[in-house]
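Chemist: Please build the complete structure, drawing on both the sequences and the hints.
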Amino acid sequence: MSLRQFGAPALGAASFAFAAASPAHAVTEIQWWHAMSGPNNDVVVKLANDFNASQSDYKIVPSFKGSYADTLNAGIAAFRAGNAPGIMQVFEVGTATMMAAKGAIKPVFELMKEQGEKFDPNSYLPAITGYYSTAKGDMLSFPFNSSSMVMWVNLDALQKAGIAAPPKTWPEVFDDAKKLHATSPTCGLSTSWITWALVEQFNAWHNLPIGTKANGLDGFDTVLEFNSPLEVKLLENLVELQKDKSFDYSGRTNTGEGRFTSGECPLYLSSSAFYPNVKANAKFNYTAVAMPYFPDVKDAPQNSIIGGASLWVMGGKSAEEYKGIAKFFTFLSDTDRQVYLHEQSGYLPITKAAYEKTKSSGFYEKNPILEVPLKELTNKPPTENSRGLRFGGMVQMRDVWSEEIEAALAGKKSAKEALDTAVSRGNQMLRQFERTAGK
Amino acid sequence: MILRRHQGGGLMENRAIFSGRLLPLLLVLPQLAISLVFFYWPALQALWQSFLVQDAFGISTEFVWFENYVSLLSTPAYYHAIGVTFLFSLLVVVFSLAIGLLLAVMANRDIPGLQVYRTFLIIPYAVAPAVASAVFIFMFQPGLGMIARSLQRAGIDWNPVLNGTHAMILVVTIAVWNQISYNFLFFLAGLQSIPKSVIEAAAIDGARPMRRFWTIVFPLLSPTTFFLIIVNTTYAFFNTLGIIDTATEGGPNSATQTLVYKVFLDGKAGTDLGGSAAQSVILMIIVIGLTAFQFRYVEKKVHY
Chain A
0 MSLRQFGAPA
10 LGAASFAFAA
20 ASPAHAVTEI
30 QWWHAMSGPN
40 NDVVVKLAND
50 FNASQSDYKI
60 VPSFKGSYAD
70 TLNAGIAAFR
80 AGNAPGIMQV
90 FEVGTATMMA
100 AKGAIKPVFE
110 LMKEQGEKFD
120 PNSYLPAITG
130 YYSTAKGDML
140 SFPFNSSSMV
150 MWVNLDALQK
160 AGIAAPPKTW
170 PEVFDDAKKL
180 HATSPTCGLS
190 TSWITWALVE
200 QFNAWHNLPI
210 GTKANGLDGF
220 DTVLEFNSPL
230 EVKLLENLVE
240 LQKDKSFDYS
250 GRTNTGEGRF
260 TSGECPLYLS
270 SSAFYPNVKA
280 NAKFNYTAVA
290 MPYFPDVKDA
300 PQNSIIGGAS
310 LWVMGGKSAE
320 EYKGIAKFFT
330 FLSDTDRQVY
340 LHEQSGYLPI
350 TKAAYEKTKS
360 SGFYEKNPIL
370 EVPLKELTNK
380 PPTENSRGLR
390 FGGMVQMRDV
400 WSEEIEAALA
410 GKKSAKEALD
420 TAVSRGNQML
430 RQFERTAGK
Chain B
0 MILRRHQGGG
10 LMENRAIFSG
20 RLLPLLLVLP
30 QLAISLVFFY
40 WPALQALWQS
50 FLVQDAFGIS
60 TEFVWFENYV
70 SLLSTPAYYH
80 AIGVTFLFSL
90 LVVVFSLAIG
100 LLLAVMANRD
110 IPGLQVYRTF
120 LIIPYAVAPA
130 VASAVFIFMF
140 QPGLGMIARS
150 LQRAGIDWNP
160 VLNGTHAMIL
170 VVTIAVWNQI
180 SYNFLFFLAG
190 LQSIPKSVIE
200 AAAIDGARPM
210 RRFWTIVFPL
220 LSPTTFFLII
230 VNTTYAFFNT
240 LGIIDTATEG
250 GPNSATQTLV
260 YKVFLDGKAG
270 TDLGGSAAQS
280 VILMIIVIGL
290 TAFQFRYVEK
300 KVHY
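If you read the protein sequences in the order shown, they are chains A and B. Numbers 0 to 438, taken from numbering that gives the first Met the number 0, label the letters of the first sequence in order. Numbers 0 to 303, taken from numbering that gives the first Met the number 0, label the letters of the second sequence in order.
You can take every hint at face value.
If you want the footprint, here are the derived chain B segments under chain A, 3+ residues with CB under 8 angstroms:
# : segment
1 : 48-60
2 : 153-164
One side of the interface only, derived from the structure: several residues of chain A facing chain B at Cβ under 7 angstroms:
# : residue
3 : 79
4 : 100
5 : 102
6 : 103
7 : 392
8 : 402
9 : 435
Please keep in mind that the hints were generated in silico from the structure rather than gathered at the bench. The structure displayed is predicted, hence computed values, not measured ones. Even for Gly, the Cβ is constructed at its ideal location relative to N, Cα and C.
Modeler: Here it is, written out as structure tokens:
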């Protein structure tokens, strides 16, 4: 109770005004816990306000709960205390944790069917919804903010180093990083989200499995296998470049993004959602291009996978609340609203119609960078290696993988050794998760 | 209820005598209640949790006896964390005590503007560990931070993001900086309670300042030092969680992953409550053992 009241005071005032406007009417309140700060928080609040103004039966009450991990933990704690919110925003790597909690959640496809809302799973972009669906294609959670990984390029720095065009393949990237070393001695190439870049995206993009059972989508008894020669080759190359800082490690999350906008690292793999930040802070000519690939791999490039978060509906709520949530999801799927969200926030549209509409309006000709992640995601129909991934304990798994990659980059282990250990430690965690999952 | 005060039969004892048992019991009750609710209850909960294997949402629960402990003690990462914790704590305790003492000795002299110095030296204690950490990150961030840049200009390849030793230096520096004020305050109070006459007598006997310090002042300070060793050890073991989380997140390659940070990480990011609870029980035992050891052996050297 106190958690709810702590929410946003401004919204409390808004709800008072609302109640005063229609005193005789019983309004069903729906709590929405989210992790969006800054301008994205404004988007969340605007969506809630617009929905609340569009009808008078339901009221969405958004509350900011901190980082993605904080929000997930707040939701888990609230559930344990019998006080879970109606809607909870969970980052993509929390998907396995959520779906394993049968009884704690209400799958979205089930909710929409029960409430009789118009809901066609085929109208959504499969590259996005696939991540949040069962192997059969049933949508479990509702995609909210999605992005993918792209390579940010400092065009001025490339020109200075005598490089004509942004590199397309990994061998070109390695060469260019070495050339850039002359003008950017502390960092030619770097990444955010090291495991997302080197393991998750890299494997999807090269149609390689991260783990068995379609990367865990087909079952919790999945086994990791991202220590094949290709991943080892990539890491070995980066370890070599790290020695003179042609490649320089920037940490596990996106705290190193400032190294791109400050001009220090001219080639930088990061989320497409980095765009607003680049636009505001980069004082040089820049662009974003598709992630590099190894041209000797038959299927590469395949398609990229998403990052970001989706909305989970919690279990054990009243029929009235579910009705309201279903209506809210229909409201979010509206084509014009998706177009607006996409163009404003830089996050990807989730419906095919919204993508088509943005495209035909000529928006991408003026903003080609925003289409790069969409082209990556839809490059080829997803295979079982590139639909997404679903590993229990993925939040901590990323830390474990990062630790091993760090050991390799610091020269404490060979690339092969590091990836072998990352796989075996990860498998231990998967077995631990499997014991309690889905019971 | 009658409260009587007597002078105990001729002795110079001043003691309050309460009638019955009810009142004293009532008086200690609030303290007992707080200990029960905020210490014993959660500690017992942790003990109980440590015997369970549970999913994040607490939907399925299995009682497994000591399995969490066994699997914990068979992971090399756990022993690594124990090593990291002892190294980290030793560095933090030694440096924060040494610097705190040095500053206190310097501030215990008659110099102009003394009050100002003292006040400024105490202020860092009011800074929350996580905030201190954030400030230090700005200064030590490779490529961006002021200090990091000067280090790099001086030819040191400063890189706490990838170099474990650098990361350890960074978190120790922050933890020490945050704790110096506290030690300073206690040492200063300790120094001021040492009678001037003793020191003056030694001076007349021809003892130089260094000798006066080591043979008179330092031994007389030993109760304060002993108290601070215990408090600082506990600080290094537990309260540095926020610093490590903000500065390094236990990395790189778990070089700064202390036991308490591992408890937090496995419980929060890993949602493995059973394993996390088992770790916190072991951690509690380690700290109780360490404190008992200090009282048993180190306290013998203390002059009250």
